[in-house]
Amino acid sequence: MTKRKSLSKKVRFEVFKRDKFQCQYCGKKAPDVVLNVDHIDPVANGGTNEVINLITSCFDCNQGKKARLLSDDTVIQKQRKQLELIQLRINTILVKANN
Numbered sequence: 006m007t008k009r010k011s012l013s014k015k016v017r018f019e020v021f022k023r024d025k026f027q028c029q030y031c032g033k034k035a036p037d038v039v040l041n042v043d044h045i046d047p048v049a050n051g052g053t054n055e056v057i058n059l060i061t062s063c064f065d066c067n068q069g070k071k072a073r074l075l076s077d078d079t080v081i082q083k084q085r086k087q088l089e090l091i092q093l094r095i096n097t098i099l100v101k102a103n104n
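To convert, count from 1 in the sequence shown and add 5; that's our numbering.
It should be emphasised that the hints constitute simulated quantities derived from the structure, not laboratory data. Think of the CB as a built atom: it goes at the ideal place given N, C-alpha and C, for glycine as much as any other residue. Treat the hints with care, since some could be wrong.
[Unchecked claim] Label-pair restraints from in silico Cβ distances:
(1) K10 - K33: 23 to 31 Å
(2) A49 - R85: 56 to 64 Å
(3) I95 - Q29: 48 to 56 Å
[Unchecked claim] Straight line, CA to CA, 16 Å or less: simulated EDC-like cross-link-like pairs of lysine to aspartate or glutamate:
(4) K14 - E55
(5) K10 - D65
(6) K34 - D24
(7) K70 - E55
(8) K10 - E55
(9) K83 - D65
(10) K33 - D65
(11) K34 - E55
(12) K15 - E55
Could you put the whole structure together from the sequences, leaning on the hints where they help?
Encoded structure:
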């Protein structure tokens with residue numbers, strides 16, 4: 006895991022300014038929410054503190070994302086499989102009820 010280097014206040018401000026003091030995930034704006042600077046490619050995965058890898062996010066969105074890429078759809082795929090199994094069970098019950 007890459008060691009986290011803190012961001013300067015200047016870099017944080019530049020990211021906030023570039024993103025118009027608005028969470029880039031949900032659209033909420035300061036001062037209605039607490040804003041953070043988030044790493045698009047997480048530090049835990051080797052992401053850097055380069056401005057191109059930084060984005061403004063609100064506290065809630067940042068906490069929900071954690072150290073995942075936005076393209077990570079493992080949770081969605083797991084839920085989709087669970088829904089397919091539930092639908093299969095429902096279909097099986099309906100077939101048995103109709104026989």
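Hint check:
no.	hint	verdict
1	K10 - K33: 23 to 31 Å	27 Å, holds
2	A49 - R85: 56 to 64 Å	26 Å, violated
3	I95 - Q29: 48 to 56 Å	39 Å, violated
4	K14 - E55	14 Å, holds
5	K10 - D65	22 Å, violated
6	K34 - D24	10 Å, holds
7	K70 - E55	19 Å, violated
8	K10 - E55	11 Å, holds
9	K83 - D65	23 Å, violated
10	K33 - D65	10 Å, holds
11	K34 - E55	23 Å, violated
12	K15 - E55	13 Å, holds
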